[in-house]
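Visitor: Okay, here's what each chain looks like letter by letter:
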Amino acid sequence: MTGRGPGTIIGFPHKRKLVTSIKLFLFFCLSDVSCNSVAQKIYVELNNTVPCVRLLNATHQIGCQSSISGDTGVIHVLESEADLEWPLSKGPNPPYMVLLESSLFTKSIMMKMKNASSRVAGVVVVPKTSPPEFSPHTTCPNENTGVYTETYDHNLAHCNTTVWNPRGNGLSYEEFDFPVFSLKEDNETEVIKQCYFDHNRVVNGSGLQYPLCAMQLFSHMHAVTDTATCMRRSSMDFSTSPVMVCDPLGGYNVCAFIRPYNSTAFGHKENESVVIAAARLDSKAFFLEDSTGAEGSVSGFVTLLAAAQALCEATQEAPRTRNILFAFFHGEVFDYIGSSRMVYDMKNNMFVIDLDNVHSILEIGQVAVRSGTNLFLHSDPVSRRNNTVHDEVTNLVKNLQSSTAGLNFSFVETDFSQPLPPSSFQRFLRARAIPGIVLADHQTDFNNRYYESFYDNAAHLNLTYPSNLSPEEQLEFVTDTAKSLTEVATAVARTLFKQAGGNNSQVNKINADPKTVTQMLYGFLVRSNNSWFQVLGSSLRCVFCLSEPNPPQYYVGVAKSSHQANALTYLVQYLLANLTGTATNLTQSQCKKPDELPNESTYLYSYLWVQGMVPPNSTQRESFCVRTAVRLVKAVSPAFDLGDYVSKEYSTWTKSQWKFIKARIFLVASRDLEMLTLGVGVAVLFTSLLVTYFVSTKADVLFSSVREPNNAAY
Amino acid sequence: MTAAVFFGCAFIAFGPAFSLFIFTIAKDPLRVIILIAGAFFWLVSLLLSSLVWFIATKATNAQDLTLQKNLLIFGSIFSVILQEVFRFGYYRLLRKANEGLAAISEEDGPPLSVREMAYVAGLGFGIMSGAFSMINTLSDSLGPGTVGMFGDSQYYFITSALMTLALTMLHTFWGVVFFEGCERKRWWVIAVVLCVHLMVFSLSLLNPFYVGSILPVYAIMLLMAVWAFFSSGGSLHNITLLWTCRKSNAETSS
Numbered sequence: 001m002t003g004r005g006p007g008t009i010i011g012f013p014h015k016r017k018l019v020t021s022i023k024l025f026l027f028f029c030l031s032d033v034s035c036n037s038v039a040q041k042i043y044v045e046l047n048n049t050v051p052c053v054r055l056l057n058a059t060h061q062i063g064c065q066s067s068i069s070g071d072t073g074v075i076h077v078l079e080s081e082a083d084l085e086w087p088l089s090k091g092p093n094p095p096y097m098v099l100l101e102s103s104l105f106t107k108s109i110m111m112k113m114k115n116a117s118s119r120v121a122g123v124v125v126v127p128k129t130s131p132p133e134f135s136p137h138t139t140c141p142n143e144n145t146g147v148y149t150e151t152y153d154h155n156l157a158h159c160n161t162t163v164w165n166p167r168g169n170g171l172s173y174e175e176f177d178f179p180v181f182s183l184k185e186d187n188e189t190e191v192i193k194q195c196y197f198d199h200n201r202v203v204n205g206s207g208l209q210y211p212l213c214a215m216q217l218f219s220h221m222h223a224v225t226d227t228a229t230c231m232r233r234s235s236m237d238f239s240t241s242p243v244m245v246c247d248p249l250g251g252y253n254v255c256a257f258i259r260p261y262n263s264t265a266f267g268h269k270e271n272e273s274v275v276i277a278a279a280r281l282d283s284k285a286f287f288l289e290d291s292t293g294a295e296g297s298v299s300g301f302v303t304l305l306a307a308a309q310a311l312c313e314a315t316q317e318a319p320r321t322r323n324i325l326f327a328f329f330h331g332e333v334f335d336y337i338g339s340s341r342m343v344y345d346m347k348n349n350m351f352v353i354d355l356d357n358v359h360s361i362l363e364i365g366q367v368a369v370r371s372g373t374n375l376f377l378h379s380d381p382v383s384r385r386n387n388t389v390h391d392e393v394t395n396l397v398k399n400l401q402s403s404t405a406g407l408n409f410s411f412v413e414t415d416f417s418q419p420l421p422p423s424s425f426q427r428f429l430r431a432r433a434i435p436g437i438v439l440a441d442h443q444t445d446f447n448n449r450y451y452e453s454f455y456d457n458a459a460h461l462n463l464t465y466p467s468n469l470s471p472e473e474q475l476e477f478v479t480d481t482a483k484s485l486t487e488v489a490t491a492v493a494r495t496l497f498k499q500a501g502g503n504n505s506q507v508n509k510i511n512a513d514p515k516t517v518t519q520m521l522y523g524f525l526v527r528s529n530n531s532w533f534q535v536l537g538s539s540l541r542c543v544f545c546l547s548e549p550n551p552p553q554y555y556v557g558v559a560k561s562s563h564q565a566n567a568l569t570y571l572v573q574y575l576l577a578n579l580t581g582t583a584t585n586l587t588q589s590q591c592k593k594p595d596e597l598p599n600e601s602t603y604l605y606s607y608l609w610v611q612g613m614v615p616p617n618s619t620q621r622e623s624f625c626v627r628t629a630v631r632l633v634k635a636v637s638p639a640f641d642l643g644d645y646v647s648k649e650y651s652t653w654t655k656s657q658w659k660f661i662k663a664r665i666f667l668v669a670s671r672d673l674e675m676l677t678l679g680v681g682v683a684v685l686f687t688s689l690l691v692t693y694f695v696s697t698k699a700d701v702l703f704s705s706v707r708e709p710n711n712a713a714y
Numbered sequence: 001m002t003a004a005v006f007f008g009c010a011f012i013a014f015g016p017a018f019s020l021f022i023f024t025i026a027k028d029p030l031r032v033i034i035l036i037a038g039a040f041f042w043l044v045s046l047l048l049s050s051l052v053w054f055i056a057t058k059a060t061n062a063q064d065l066t067l068q069k070n071l072l073i074f075g076s077i078f079s080v081i082l083q084e085v086f087r088f089g090y091y092r093l094l095r096k097a098n099e100g101l102a103a104i105s106e107e108d109g110p111p112l113s114v115r116e117m118a119y120v121a122g123l124g125f126g127i128m129s130g131a132f133s134m135i136n137t138l139s140d141s142l143g144p145g146t147v148g149m150f151g152d153s154q155y156y157f158i159t160s161a162l163m164t165l166a167l168t169m170l171h172t173f174w175g176v177v178f179f180e181g182c183e184r185k186r187w188w189v190i191a192v193v194l195c196v197h198l199m200v201f202s203l204s205l206l207n208p209f210y211v212g213s214i215l216p217v218y219a220i221m222l223l224m225a226v227w228a229f230f231s232s233g234g235s236l237h238n239i240t241l242l243w244t245c246r247k248s249n250a251e252t253s254s
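Residue numbers (full-length UniProt numbering), protein chains in the order written: chain W, 1 to 714; chain Z, 1 to 254.
Only chain Z is shown next, with the shape it has when bound in the complex (with noise of 0.2 Å):
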């Protein structure tokens, strides 16, 4: 659908991932490792997961498609249940390293917290998703044609980009709130980030119905937004602080 349509929907996709890294992440080469390394067990367990689903539709009648439809459905679940999997195991992993970091590195003490490293992980996870989900669809938005010859919305490519955003920025509060959980030993919030992602997933489903599935799923994030902001140590004393900070630098300066 032509350049313009794909810089949109780039810009909108990976817009925030991509001002997140360049102002958080860039400077510090351990946030970049942790960063990649985060998006590779993304990666890996879409991997495992689609493979399930690959030998799940081969094995099966490629014919029937209801059948088809609700193994697809039941691939998802399986991946989203191993994509928490994975996240706890990458926890298990960076609290490990962190220990070796701390014992190697020149300050006393790790060189990063656990927050910081929730928030990274969290990142890493959304950016692998992101550009799973969104570059095959933009690679195609290049070309003269938009979706709608087979009764699609024309909308496809704007929605497609506005749920990938909505996605990264999802997985990356779920990496935060999910860290801190299992570090207070507060397993239920384990279990509510899987039941938000699952929910997420099935509203999903809703595509084309766009009004059911991308509203709601910007609800989950603002508050999903919330809950992060709130257990990495923010609270609403600190935004107050910020305003009058800001009030009175402005008084001091002018």
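Excised from the complex, chain W in its bound form (with noise of 0.2 Å):
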């Protein structure tokens, strides 16, 4: 492209410029269905963006917000925190974009651009290189909504004796009144650096020439205050399909009980004893569809599936005197959506189970980031006050740490006074005092430097490949995270067979199998579109279509009223489906109908079509019917149900709704010109008119010198 200096106005005729201008425009003309050239002139269309959207709750609204009509500001790539002052106060051509890489993405900066908004259009991320520590959650994750509150004990809400995520710096629950983008680092960041070199860069001396490339973001969100009143506008509208404003955050739980039960009996089910053992499935991020969770959730529960496989595994013939029920919790980011919902459901003779059936509770909270050897046992001191907990818990214990026997690591019980960190036992202490435990790698504070962060992500696991491997053959490498998951679930499926009152001559055949364990860690973190889980998948749904080739997200979602739940949820509960159930012979009309058989009952079992292998000589997969105990159960936050959506108790989480969210660049003209442009077009009409007159009102003298007959005047 030739340049052009700061003194012409026109370039050379080249008519190879010509030519370069046709190709690139009708480069991208051609790759578009409709071709309008002279939009396809000025603007460039990014299409890999993600929004940072805005999610309200009782009290507050946080994210971010752009106008109606999208925001635009001149591009300008932030080199240092001292560079801002040339978007905040020096720069001659507010409102500016400011571009940030990810070691720039701090709060302190953030914050002084919200303080500064007037001249701030908005921001775009480009996640690079994960900075050393970042965590954009709370220093004490769900606070008012665990069971540590003021009445509890005055000495341990709001994290007075351990603050859990001492990094946090809140950022996710910040509101911003200007548009925040992310985008990923590929062909489409190198255009807009590419634009900004070329147009914006200050030369030393002289200011900024015109025209200046600039990015518009439209993510303009149509719920404000909080969910009340969003929930109220929601309902206003009395037409037959009312029009949502916000939808409440939710999805689904998945539950599988050992021995299952007839699920339409709700209620307390007599000399019924169950062991629940939790994990949780949902993460976030400060851009809710980059959630990856690595440490924070897929660790816990990747360990549980794999326990649970064990389990099954080994129990088929042994009764037991207690029941099993292993709990996947969705939505507990967001003050726990799932755990509050069961325990209501529980409490309100809406489950299969009630809260006196549940004998203890041992959850897996973040278990992959050790800092030596040990896992550690957390307890609530409260609860332990009561002498018959305190037994059933110390029993427990001693059930853990005898299962660690000839693994490489070892359970430690942390401090007596330490409270309990965020975890869905809390609501379920919140209701009752049941013994219980959860599992964690840190004694204190969180191990997970990125917690609810983008880079919570396989790197963080030190999930590393050789790099000579093929997808399949990545696989199928055990990694050493995975192999000290495999410890963990080892060590869990035997303290859940002891508590359950098995047989401790069989305990050590349980042994979870690090294949599996390293086949979830790498479909769940690096790549879900893989044979094995492929095989295992429903055919009914492409389930990791959408998100290729990046790892799906892990955020909850809002709680469609269709029965369609989140990729994370059918992935999971495909694989627990898989992993404790049976495979059948019903064909595939059977599986849908299987009541019509004798032995199959839907009262107990649910029956999942699975796609099953491609044998080596055909091409035809080999799908078979699994009957498994493994059931969907819903988890919305009982604030929705009850309608109390100003409720400290419970949820009240909501995500806002939007039109449509794009963003693009294009470069701008100086207001100088413009304003000439609107001078000369003002002057021409106004002298065109003028002359016209004249010459209208002067025609017969003007056009007179061959006068045709009858001839009537101009």
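Read the hints as simulated data drawn from the structure, not as lab findings. Bear in mind that the values here come from a model prediction, so they are computed numbers and not experimental data. One should not assume that every hint holds.
In silico DSS-like cross-links for lysine-lysine, where the CA-CA straight-line distance does not exceed 25 Å [to be verified]:
(1) Lys107(W) / Lys193(W)
(2) Lys634(W) / Lys698(W)
(3) Lys634(W) / Lys662(W)
(4) Lys58(Z) / Lys698(W)
(5) Lys128(W) / Lys112(W)
(6) Lys698(W) / Lys96(Z)
Computed, partial: chain Z to chain W, Cβ under 7 Å [stated by the list, open to error]:
(7) Ile12
(8) Leu48
(9) Pro144
(10) Gly148
(11) Met149
(12) Gln154
(13) Pro216
(14) Ala225
(15) Val226
(16) Phe230
(17) Gly233
(18) Gly234
(19) Asn238
(20) Thr240
Note that CB positions come from ideal geometry on N, CA and C, so glycine has one too.
If you follow the hints, you should be able to join the two separate chains into one complex; please do so.
Guide: Given below as structure tokens:
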């Protein structure tokens, strides 16, 4: 592209230049279906963007908002924190669209921009290398909906004794009135940087030359203020299909009993005692769709899945005194949506067991980033003041510690006066003093430097594969992380077996499978469209198609009214079904209606049609029907059922709706040129009006040399 | 590029045509009809020529850019020729219509002279040609961005508007000259008009070298204006008459 000096107005006549510009816009034209040439010359649409959206709860709105016709700003690539002076005070062409790299995406910079938001049109974050630590979550996660309230124990409330997430800067819970987008590092970011370097660089001494490179972001959110306001506005529309302004967050919990109950019989079960093994499924990040949660949630539920598989393999024959419930709670990050729902259902006889049936709870928290060889057992000091509870907890600790015999780590109890970390168990304690333990790799505050952030990914867990492996070989390769998680899963499975009253001599036969664990870690953190997930998955929907080639995102999403869970829930459901269920010989139609067969019952089991493998000599998959006790239980906060949108008891999180979200870059011209154009236009209009009027009144004089007969005047 | 540019370019491109319409055409319904029919004729010529171009592009390799550019040039030349053919066709139609109108009108003789029809027909061609050149560009000028990301000149909108203005006026003048030539059976006039039209088209190919395209086109427009003035009955004598009339009016009134 020929350059243009500051003085010249018009470029040089190069036929090549004409052809080049025709080439460029024909390239962009032909890649689209509809070719609007002038718009193609002006705008470059950015497709791979992740916006920051608005979430609301009972008291606040958090997240970002743009104006309804988009926010336009001159692009400025921030080089350091001191460089913030330029967009905030020194720059001559506000408002600015600030482009940040991930190392500069800190709370102090964002708050400075928030305070000067008249000069900042928006922020674009380009994630590059991971900073040494970054957690946009609060320092005390879920502090108001856990068990540690002022009434439960004054000293333990609001993280007075232990601050769980000291690195938390609370950025996710701030409210910004400009849009914040995240771009992936790819060709589009290169285009933006090229545009910036071509047009927006300040040459020493002289000011900026128009035209300048600018960006426009659209992410207008419909909901405002808080959940109560937006739910009221949603219901004000009296038409048959009400327009919702915001959607409650929620999903489905995945539950499986070792010995299933009749799923239609709710309420207390006589003489039944259940040990609950729990883990959480979801996580979040500042940009919701970029949630990965490797250490935060994936480590926990992968360990529990492996423990479930180990236990089910070993316990086909032996009857036990207690039942075991594997519960995977969804929506826990947003004030314990899943677990509060389950407790509510149990209290109101809407679940197959109730709180009296619960014997004890073992929860797997964050277990993958160890700072030694120990894992820590957290318990609640307040409930342990009761002797019965204390004895049960001590018994559970004993079972746990004896389960690590022969393994390369050990369980250590934490300090007695320390409260529980944020966990689903806290919601059960809020209802009843139940004995329980939370497993974690941290003794006091989190080892997770990237709690609920985008950087909590496979690299954080040191999931490294040798570079010469193909994706299928990577799937099978057992990493060190997988090995350590397998040992944890083995210990958990053995503990559960002993808790459920199993025979001690059989305990050492229970071992988790490292191959399963490494395949799950690969599938959930590196690439979900792999052959193992395809084999075990449903043939009815392509669960991972939408987020390829990135790992799927794990935030809980909105609770859809149709029976459609999100991708993560389906993956966990089918995995648990395959790992703990039995394959049957039913055909596809029988699988849909198994009640017609004598030995099958949909009251006890659910029947899933699984895709199966492709045998070596054919192309058709051998699908089969799995009989499993796995069920999906709706996980929507009870506050929405009760209509109490200002509830302090339950989660009230909702997500705003929007019409469209997009981003584009273009050049902007100087105000002077625009006013010049307008001035010339007005001058031309007035001049032509005057001249035409003058000529038309004098037309008979001007055009009179040849008179035609009966000539009407001009 | 915001509302200022939108209105500025709209006024530049359509201001003179608008003022001509307001002061000379709007009060006479017959002129309005001839104007719109002229616009329609231009539209049909564009449709037919673009069909040819469209078939040619679809039948050839879309990736070959020089071929596409050459096809565009060929299509445009064909369009120019077709526009002049349709101008001639409109002339014939108007002559026939004039006889019919003369028969039914209350005055003796035709209600519109051929000169008037020439002017109105040319203006009709010009307005429709300007609209097709400019409306698409105008709608994109409303957004916040301006042309230039891919190396085009940032004066794209203004120069488009100026070219459209020139083309509208040129079509008007060509209409006057063309019809006059046909009336007087001076067929060389038609050839000259065609050649000038082709010359203007080829000058527009020089964009974005705006010095080389806009200035010559405006020079040609001035020449055509002078020719149209003389061929529609004006003369230097009339201009001096006008000037002295004004002077004497000024003297008598003061």
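Visitor: Tell me, in ascending order, the numbers of any earlier hints that this structure violates.
Guide: Numbers 2, 3, 4, 6, 8, 13, 14, 15, 16, 20 - these are the hints that the structure violates, sorted from lowest upward.
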